[in-house]
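**Q** So you can see what is in the structure, the chains are spelled out below.
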Amino acid sequence: MSAAASVAAIEPPAAQRPVALPRGRRGAELVMLGFAVVIMAFAYLNVGLGLKGHVPSGFTTFVGGFAVLILLAHLAVRWLAPWADPLLMPLAAVLNGLGIVMIYRLQQSGRSGNPGVLISTLTTHAALYQLMWTAVGLIAFVGVLLLVREPRVLQRYTYTLGTAGLILLAIPAILPDSLSSIQGAKVWIIIGGFSVQPAEFAKIALAVFFAGYLVVKRDVLALAGRRFLGIDLPRARDLGPILVLWVASLFVLIFEQDIGTSALFFGLFVSMLYIATQRKSWLLIGFALFVAGALIAATFIAHVGERFAVWLHPFAGDTVANSYQLVQGLEGMAYGGLFGTGLGQGMPYYTPLVQSDFITTGFGEELGLTGLMALLLIFGLLVQRGLRAAMAVRDPFSKLLAGGLAFGIALQVFVIVGGVTELIPLTGVTTPFLSQGGSSLVASWMVIALLMRISDTARRPAPQPIQDEGLTQVVRRG
Amino acid sequence: MNHSLRRLSIACLAMFLLLMLNVNFLQVFRVNTLAAEPRNSRTYQQQFKVWRGEIIAAGGNQQQVIAESSKVRSGPFAGDFMRHYPDPFVYAPLTGYDSIYATTSQFGLTGIEQAENAYLAGTAPRLAVYNLKGLFTGKPKQGASVYLTISPRAQQAAYAALLAMGKPAAVVAIDPKTGQILALASYPTFNPNALATLDGTKFNAADHRLLTDPAQPLLNRALNATFPPGSTFKIVTSSTAFGTGKVGNQDSTIPAPQFYHLPGSTKVLTNDGDAPCGDGNPQIIYAFTVSCNTAFGKLGDTVGGAALFDYANLFGFNDHGWSLKIPLAVSPSAYPRQTDPAFLALSAIGQFNDAVTPMQEAMLAATIANGGKLMQPYLVQQIKAPDQSVVVATQPTVLRQVISSQVASFVTKMMISVTQNPAGTAYATAGPPATSIVIAGKTGTAQNGPNNSGLDDAVFTCFAPASNPQIAVGVIVKGGGFGADAAAPIALKIIQAYLEQH
Chain A
1 MSAAASVAAI EPPAAQRPVA LPRGRRGAEL VMLGFAVVIM AFAYLNVGLG LKGHVPSGFT
61 TFVGGFAVLI LLAHLAVRWL APWADPLLMP LAAVLNGLGI VMIYRLQQSG RSGNPGVLIS
121 TLTTHAALYQ LMWTAVGLIA FVGVLLLVRE PRVLQRYTYT LGTAGLILLA IPAILPDSLS
181 SIQGAKVWII IGGFSVQPAE FAKIALAVFF AGYLVVKRDV LALAGRRFLG IDLPRARDLG
241 PILVLWVASL FVLIFEQDIG TSALFFGLFV SMLYIATQRK SWLLIGFALF VAGALIAATF
301 IAHVGERFAV WLHPFAGDTV ANSYQLVQGL EGMAYGGLFG TGLGQGMPYY TPLVQSDFIT
361 TGFGEELGLT GLMALLLIFG LLVQRGLRAA MAVRDPFSKL LAGGLAFGIA LQVFVIVGGV
421 TELIPLTGVT TPFLSQGGSS LVASWMVIAL LMRISDTARR PAPQPIQDEG LTQVVRRG
Chain B
1 MNHSLRRLSI ACLAMFLLLM LNVNFLQVFR VNTLAAEPRN SRTYQQQFKV WRGEIIAAGG
61 NQQQVIAESS KVRSGPFAGD FMRHYPDPFV YAPLTGYDSI YATTSQFGLT GIEQAENAYL
121 AGTAPRLAVY NLKGLFTGKP KQGASVYLTI SPRAQQAAYA ALLAMGKPAA VVAIDPKTGQ
181 ILALASYPTF NPNALATLDG TKFNAADHRL LTDPAQPLLN RALNATFPPG STFKIVTSST
241 AFGTGKVGNQ DSTIPAPQFY HLPGSTKVLT NDGDAPCGDG NPQIIYAFTV SCNTAFGKLG
301 DTVGGAALFD YANLFGFNDH GWSLKIPLAV SPSAYPRQTD PAFLALSAIG QFNDAVTPMQ
361 EAMLAATIAN GGKLMQPYLV QQIKAPDQSV VVATQPTVLR QVISSQVASF VTKMMISVTQ
421 NPAGTAYATA GPPATSIVIA GKTGTAQNGP NNSGLDDAVF TCFAPASNPQ IAVGVIVKGG
481 GFGADAAAPI ALKIIQAYLE QH
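Those protein sequences? They're chains A and B, same order as listed. The numbering used here numbers the first residue of the first sequence as 1 and each following residue consecutively. The numbering used here numbers the first residue of the second sequence as 1 and each following residue consecutively.
If you're looking for bench data, these hints aren't it; they were derived computationally from the structure. Mixed in with the good hints, there may be bad ones.
[Claimed, not checked] Straight-line distance between alpha carbons at most 27 Å, and here's what the computed DSSO-like set of lysine-lysine pairs gives:
| # | chain 1 | residue 1 | chain 2 | residue 2 |
| --- | --- | --- | --- | --- |
| 1 | B | Lys141 | A | Lys52 |
| 2 | B | Lys133 | B | Lys384 |
| 3 | B | Lys373 | B | Lys413 |
| 4 | B | Lys141 | B | Lys384 |
| 5 | B | Lys384 | B | Lys177 |
| 6 | B | Lys325 | B | Lys373 |
| 7 | B | Lys478 | B | Lys325 |
| 8 | B | Lys478 | A | Lys52 |
| 9 | B | Lys49 | A | Lys52 |
| 10 | B | Lys167 | B | Lys478 |
| 11 | B | Lys49 | B | Lys202 |
| 12 | A | Lys52 | B | Lys71 |
I would like the entire structure built from these sequences, with the hints used as guidance.
**A** Structure below.
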């Protein structure tokens, strides 16, 4: 009796086994997007009440406009990428919404209720422009989903995109200052009043290029050469690509004075090289090259050396003029403390250009440590969802691309947030989704679109076998 | 590739953890140091947004608001809070001032405004509970009020008397039983309202004018200027003589030659007007009453430099660590240790390198008045949060037992004789011809300047009523001449004003 019972317990009938039904979870996405819009709406109200004591004008324009844009993008996702990760878009949306609100708040500093002189350099339409750029960003988002129906399609354009990326990166260096320089940063293309930061788009193009290149070459690059200190070093002849990239990023640094972007590109390449080859030696070589490059730059380029000095001694007498921005940001965050002053009630306008590189300190001041931790967690989740997509997808090219893009977000957040909080030397890169500026916003939405496309591919259920063909199964692969 | 992706996820996690740790460090642990950065614009702006607490003179059952903040109604600074001092000259040495540079420079605040800034501005940790309540009820931030031990009546009388005298002078009055400071005035002084302006240009002009004024109006003479004590130091010399047993009591006789040839020197110490001191071997009370220099110069040599130095230190001299905080910082009074008998004799009568603050003078009298027990002098009676709850209340504390109560009673008898004996130096100005209050005092007329060419400083230290001391006063008038003539009347006016209110 007992033997029969135990056999039954071990083998339950096959029909009773729970079947995991793949679900797109678009409903959950919609609910979370609604939540993101509600957070934005309350933040917007908070700014108006904090600044003027009443419900701010333009509530319907901003909150309504943002809600409609997000809803339309969501509908496009239902159509174009029904299996995509439902968290990616709400996370990006809440950051984008809070960015608009903060820029709305900053454009009014020194005005309406805040006594004192106008310190903010923002125009009165900055927030409206940011909303318009959000629209452009979401159009680009849908456009990417529409054009890239299968991530592997991009692999065909490896060298085309690589060339395009390098050209985009090089244009500001070649253009005269009048067409490429804004407040000392030579990273723009200025055409008829419009300014575009090509590096933001070059980042995506180069990530695709790295993925396509490394997928082909990874077996060679993974070959072990000499063994040194317990680490397998690559063969000397395979060092070519990393050296080329290193030199290219140094060129960016020298000719565009853009340390942040240069560090970002090099970091992106090295991390993708590591994902592709699984060789820790590449990380070590990359890190050594980076340190060497940074030291060379700090020694020979005054502008870079200054950044180091400011980082080490922001409050020292001789660096006060150079560290003004950093110090104002730090003091703003300290002023905010644990809970922040409340939106509209702090003095973030004392920090120069708080709307772009230093927007994190603006949030730190008005939303406090509590708000900033929440923002960092949102970024962390975004990166985590991206890496998850990379792990879930089967195709190595998509895996590399998703891993690179997700790590790119993490690196960018680390470089800028770490920079403004005195963790690392300050280098100017934008804060994804939060900073004022169209290029960054549009490029960030394109990255989200690519990650969603890859996760859509990963989560899409396999085609059902056609039963009446007997043993022959036709599997369609795209 | 999932293996390396997993490793990379851990790297991302580490990066975000680093960012979060750093932000926590910044917004929790570095808040105070960053707020205290001298160039912090936010702290600077913040000071005008806080409704700073009042400073109130609240001694002697009277209350007078001496510093208050009010909102500017119109003009470029509308909405900001501005400091106002209703009775500026009388209370300037106490209140100090609160200027627009309060948060950016250590010189932006002085006096009680500086010493109690954390409470007045509402940032003190003890106000945290109250501030937290305000956070939830949405009340604007308001600082705590500081109640001083200063008696408005005594303070008014003190400043009026100094003003009438018109010479650089200062006075301190203490309740000898508690150490409460009842009056603290300095002349010439300044109008803190001129420095409390929100207009930087006006502030700079007023600041420059006050700093370059040769009369030094910003100097708090009561606490931070020293003068030779003159014969008032004979209180210390007598205490040392009684305490060391070299002289039995106030009726014991001591040698008092008409001319005291200073040992090892060609100099001769004389009495005022080269007069003899009694029969040359008078009772010490007589020598004290008429203030014989030869008797006390010789007494100094008898007790020795080491003993005199020890007793002077007990009375409060040589406080080089600036340990006396009331909470304003009190400059150390000087009594250097003397080994040369000639210098020792001079130092025993308050000449040579002796230097005292008016505060120290008041402490001399207060020690004798309180049976040899010196109470810690203090200015802040209590501090009240805006909801009137008391956050700080000062209890009187004993600083130290300087001399025995018996020695104090000997000295008291001698000090009473100074005003009550018709031969006493202060008989006319602080004795029965001037007042019915029995005052115990000691005059000092200190020679100073190179070769004593300067005008004599007038010094008077006293307490009253002698039988039940309620107030001890120290007065110094720079270039006032005789202590009895210039300083004693000022002390008398304060004593009368203070005792009348009881």
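**Q** Give a verdict on every hint.
**A** Hint check results:
{"no.": "1", "hint": "Lys141/B with Lys52/A", "verdict": "19 Å, holds"}
{"no.": "2", "hint": "Lys133/B with Lys384/B", "verdict": "15 Å, holds"}
{"no.": "3", "hint": "Lys373/B with Lys413/B", "verdict": "17 Å, holds"}
{"no.": "4", "hint": "Lys141/B with Lys384/B", "verdict": "14 Å, holds"}
{"no.": "5", "hint": "Lys384/B with Lys177/B", "verdict": "24 Å, holds"}
{"no.": "6", "hint": "Lys325/B with Lys373/B", "verdict": "18 Å, holds"}
{"no.": "7", "hint": "Lys478/B with Lys325/B", "verdict": "24 Å, holds"}
{"no.": "8", "hint": "Lys478/B with Lys52/A", "verdict": "58 Å, violated"}
{"no.": "9", "hint": "Lys49/B with Lys52/A", "verdict": "17 Å, holds"}
{"no.": "10", "hint": "Lys167/B with Lys478/B", "verdict": "7 Å, holds"}
{"no.": "11", "hint": "Lys49/B with Lys202/B", "verdict": "20 Å, holds"}
{"no.": "12", "hint": "Lys52/A with Lys71/B", "verdict": "19 Å, holds"}
Hint violations for this structure: number 8 only, all remaining hints satisfied.
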